[in-house]
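Quick note, the sequences are listed as chains L and V, same order.
Numbering follows our numbering, in which position 51 of the first sequence is assigned residue number 51; successive positions increment by one, without gaps.
Numbering follows our numbering, in which position 121 of the second sequence is assigned residue number 121; successive positions increment by one, without gaps.
The hints are simulated quantities; they were obtained by calculation from the structure and are not laboratory data.
Ideal Cβ placement from N, Cα and C applies to all residues, glycine included.
Honestly, I wouldn't trust all of these hints.
As the list claims (entries may be wrong) - Here are a few chain L residues that face chain V, going by a calculated C-beta distance under 8 Å:
| # | residue |
| --- | --- |
| 1 | I13 |
| 2 | I15 |
| 3 | S59 |
| 4 | S66 |
| 5 | H88 |
| 6 | Q92 |
| 7 | V102 |
| 8 | D105 |
Claimed, not checked - The calculated lysine-lysine pairs, modelled on PhoX-like cross-linking and capped at a C-alpha distance of 25 Å, are:
| # | chain 1 | residue 1 | chain 2 | residue 2 |
| --- | --- | --- | --- | --- |
| 9 | L | K103 | L | K4 |
| 10 | L | K86 | V | K33 |
| 11 | L | K86 | V | K22 |
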Amino acid sequence: MSMKISTRQVDGITILDLGGRITLGEGSVQLRDSVRDLLAKGQKKILLNLGDVNYIDSSGIGELVSAYTTVRNQGGELKLLNLTRKVHDLLQITKLYTVFDVKDDEASAIASYAHA
Amino acid sequence: MTGQQASRVTYTLDSSLDSVNKVEQTAEQLARKAGVDEDEIFRISMAVREAAVNAVLHGNAYDPEKRMTASFENTGASLVIRITDEGKGLDPATLPDPLAPENLLRGSGRGIFLIRSFMDEVHFKQLHPGTELTLIKHLGTAPTGA
Numbered sequence: 001m002s003m004k005i006s007t008r009q010v011d012g013i014t015i016l017d018l019g020g021r022i023t024l025g026e027g028s029v030q031l032r033d034s035v036r037d038l039l040a041k042g043q044k045k046i047l048l049n050l051g052d053v054n055y056i057d058s059s060g061i062g063e064l065v066s067a068y069t070t071v072r073n074q075g076g077e078l079k080l081l082n083l084t085r086k087v088h089d090l091l092q093i094t095k096l097y098t099v100f101d102v103k104d105d106e107a108s109a110i111a112s113y114a115h116a
Numbered sequence: 001m002t003g004q005q006a007s008r009v010t011y012t013l014d015s016s017l018d019s020v021n022k023v024e025q026t027a028e029q030l031a032r033k034a035g036v037d038e039d040e041i042f043r044i045s046m047a048v049r050e051a052a053v054n055a056v057l058h059g060n061a062y063d064p065e066k067r068m069t070a071s072f073e074n075t076g077a078s079l080v081i082r083i084t085d086e087g088k089g090l091d092p093a094t095l096p097d098p099l100a101p102e103n104l105l106r107g108s109g110r111g112i113f114l115i116r117s118f119m120d121e122v123h124f125k126q127l128h129p130g131t132e133l134t135l136i137k138h139l140g141t142a143p144t145g146a
């Protein structure tokens, strides 16, 4: 029932590969802590790969929004990659699809970040 | 009316995330048994999960002395799920619109909106104390199966 997170670096972008469920409790807290840790280490270009996220509830959606605003407020960029159809539909319903920068190809997602 | 009819099953649960998960899984089983398709099962179980989160988190505030009840019924024409809490009550009219531009970037406040989006009818009843949410999904004449 929990969420899995692994982290990798590609061309200065930190990719968080997320899997499982982002829901109230464990999943949301894990995501929040991971993003907070990255920001503390100065890693502000973050790509959330949601390809293996099979479930997200309103708390998880809220956590994605909070991560987005937190990163942006610190001068960084947070983008989403590989939305499953369910997550895509939820972001459409909640009108968040146009708020997030959503990518469906990792290479072009990496290339889309502003390079210092 | 078909042979899908079943009696109502009611659970009394503590105010925990385990209870939320149990209610969600029970809703999923109810919907699956009723023969609705996978997308609809997802919507129903998610709406019920959101209602249970609301009861446990916002209603009972994880108070170990307070209980949530969840009842599940297939009337043949509809799936009817009722969730109650013992909290201070919820007035849906006071909830901010999560789609309003000024609220889009809020980290919370989408649960009731999703419930309303995914169910055919949603009714609020004040229990003094507490709130009862009734979620109804009308069953089509030709279940699609999965």
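Could you check if D105/L really has its C-beta closer than 8 Å to a C-beta on chain V? Check failed: Cβ of D105/L comes no nearer than 26 Å to chain V, outside 8 Å.
Let me know if the C-beta of I15/L comes in closer than 8 Å to any C-beta of chain V, holds or violated. Since chain V brings no Cβ nearer than about 23 Å to I15/L, farther than 8 Å, the hint is violated.
When the nearest CB of chain V is found for S66/L, is that gap smaller than 8 Å? 4 Å, holds
Does S59/L pass the interface check with chain V, least Cβ-Cβ distance below 8 Å? 7 Å, holds
Does the closest beta carbon of chain V sit nearer than 8 Å to the beta carbon of Q92/L? Hint on Q92/L: violated, closest Cβ of chain V at ~11 Å, above 8 Å.
Under 8 Å is the threshold here; is the Cβ of H88/L close enough to any Cβ of chain V for the hint to stand? 13 Å, violated
Proposed proximity, K4/L with K103/L (alpha carbon, max 25 Å): 21 Å, holds
Given I13/L as an interface hint, is the shortest Cβ-Cβ distance to chain V below 8 Å? 23 Å, violated
Quick one, are K86/L and K33/V close enough, alpha carbons at most 25 Å? Cα-Cα ~22 Å, so holds.
Between K86/L and K22/V, does the CA-CA distance stay at or below 25 Å? Answer holds: K86/L to K22/V is near 21 Å, not above 25 Å.
Min Cβ distance, V102/L to chain V: is it shorter than 8 Å? 15 Å, violated
Hint violations for this structure: numbers 1, 2, 5, 6, 7, 8, all remaining hints satisfied.
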